[in-house]
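Take these sequences, add in the hints, and give me the full structure.
2 protein chains.
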Amino acid sequence: MMIACDLAKKAIERGGGPFGCIIVDKKTGEIVGRGHNRVAIDLDPTAHAEMVAIRDACRRLDSFSLENCVLYTSCEPCPMCLSAIYWARIPKLFFGNTKEDAAAIDFDDEFIYMELAKPANERKIEMRALSREYAQEAFCQWTQKEDRIKY
Amino acid sequence: MMIACDLAKKAIERGGGPFGCIIVDKKTGEIVGRGHNRVAIDLDPTAHAEMVAIRDACRRLDSFSLENCVLYTSCEPCPMCLSAIYWARIPKLFFGNTKEDAAAIDFDDEFIYMELAKPANERKIEMRALSREYAQEAFCQWTQKEDRIKY
Numbered sequence: 021m022m023i024a025c026d027l028a029k030k031a032i033e034r035g036g037g038p039f040g041c042i043i044v045d046k047k048t049g050e051i052v053g054r055g056h057n058r059v060a061i062d063l064d065p066t067a068h069a070e071m072v073a074i075r076d077a078c079r080r081l082d083s084f085s086l087e088n089c090v091l092y093t094s095c096e097p098c099p100m101c102l103s104a105i106y107w108a109r110i111p112k113l114f115f116g117n118t119k120e121d122a123a124a125i126d127f128d129d130e131f132i133y134m135e136l137a138k139p140a141n142e143r144k145i146e147m148r149a150l151s152r153e154y155a156q157e158a159f160c161q162w163t164q165k166e167d168r169i170k171y
Numbered sequence: 021m022m023i024a025c026d027l028a029k030k031a032i033e034r035g036g037g038p039f040g041c042i043i044v045d046k047k048t049g050e051i052v053g054r055g056h057n058r059v060a061i062d063l064d065p066t067a068h069a070e071m072v073a074i075r076d077a078c079r080r081l082d083s084f085s086l087e088n089c090v091l092y093t094s095c096e097p098c099p100m101c102l103s104a105i106y107w108a109r110i111p112k113l114f115f116g117n118t119k120e121d122a123a124a125i126d127f128d129d130e131f132i133y134m135e136l137a138k139p140a141n142e143r144k145i146e147m148r149a150l151s152r153e154y155a156q157e158a159f160c161q162w163t164q165k166e167d168r169i170k171y
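From first to last, the protein sequence lines stand for chains H and Z.
For my numbering, count along the first sequence from 1 and bump the result up by 20.
For my numbering, count along the second sequence from 1 and bump the result up by 20.
I should point out that these hints are in silico values taken from the structure, not numbers from a laboratory.
Treat the hints with caution; some may be incorrect.
Identical copies look the same in the list; a pair holds intra-copy or inter-copy alike.
List time: in silico EDC-like cross-link candidates among lysine to aspartate or glutamate, alpha-carbon distance up to 16 angstroms [as the list claims (entries may be wrong)]: (1) Lys165 / Glu135; (2) Lys144 / Glu87; (3) Lys170 / Glu142; (4) Lys170 / Asp62; (5) Lys30 / Glu146; (6) Lys29 / Asp45; (7) Lys165 / Asp126; (8) Lys29 / Asp128; (9) Lys112 / Glu135; (10) Lys30 / Glu157; (11) Lys112 / Glu146; (12) Lys47 / Glu87; (13) Lys46 / Glu87; (14) Lys46 / Glu120; (15) Lys144 / Glu130; (16) Lys144 / Asp62; (17) Lys165 / Glu146; (18) Lys165 / Asp128; (19) Lys165 / Asp45; (20) Lys165 / Glu33; (21) Lys112 / Glu87; (22) Lys29 / Glu157; (23) Lys30 / Glu135; (24) Lys138 / Glu157.
Next up, the structure:
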């Protein structure tokens, strides 16, 4: 956890937000992924510490599944990162600062958690269905593909 | 929307999942970001179509904010992508296939939506607080930094 927190400090020095993360392989105890927030450095709103660490670990382990890993993050993950942790199949995580601590310094993840819990038509983002029939074609092609890789 | 759906078909050909996305600048009507699913191509669980398109648009527009854009995705976004859309400040999106269509071909985003809505201690992922005091240091440094960039 201290390494993740030190990455958060390094992020600040480099012009990113105060968030750091590492991913550890449970079997070897080795750090396989590292990341700190890079949003304002890379001008990439998806470059949160956990996302950067997940991508780093997947590259290193040559796999899109991190099911044998544990994640340490300097702050409780936002919904984007927590969802990515599910997609990466990481079963366990430790966090330093809480969501409330983050809100206190103006990083308001809670707003997005609340939005996601609403039905689509009540969200602040306008979401509209369009051309479902045409969109179905790719799904049909997918189900007919015999060598598709499930992830 | 048809371009987004055609990207979904291209994704299948290339070994990715059947999802495509474009981002359009409302003022110019120009496509500023394109992406298709690349999870199994890049071995990157975060490489969903919307994420790839957001990163592409931010690179092209040299900004971490896409507040003047509209997103077209071949399928209703998963919670990771929808959260990223909030972080990128995109105010409006159109989707082709629905979440239910995705679930029918075994892409079960609903599970993650349900997990996010639960309190941390009831989630399938084990989440534990650790070293909050040490983690606070980076947050203090951040608030004391006068030239911090808010995003």
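- prompt: Tell me, which hint numbers fail for this structure?
  reply: Hints 1, 3, 5, 6, 8, 14, 16, 17, 18, 19, 23, 24 contradicted; others consistent.
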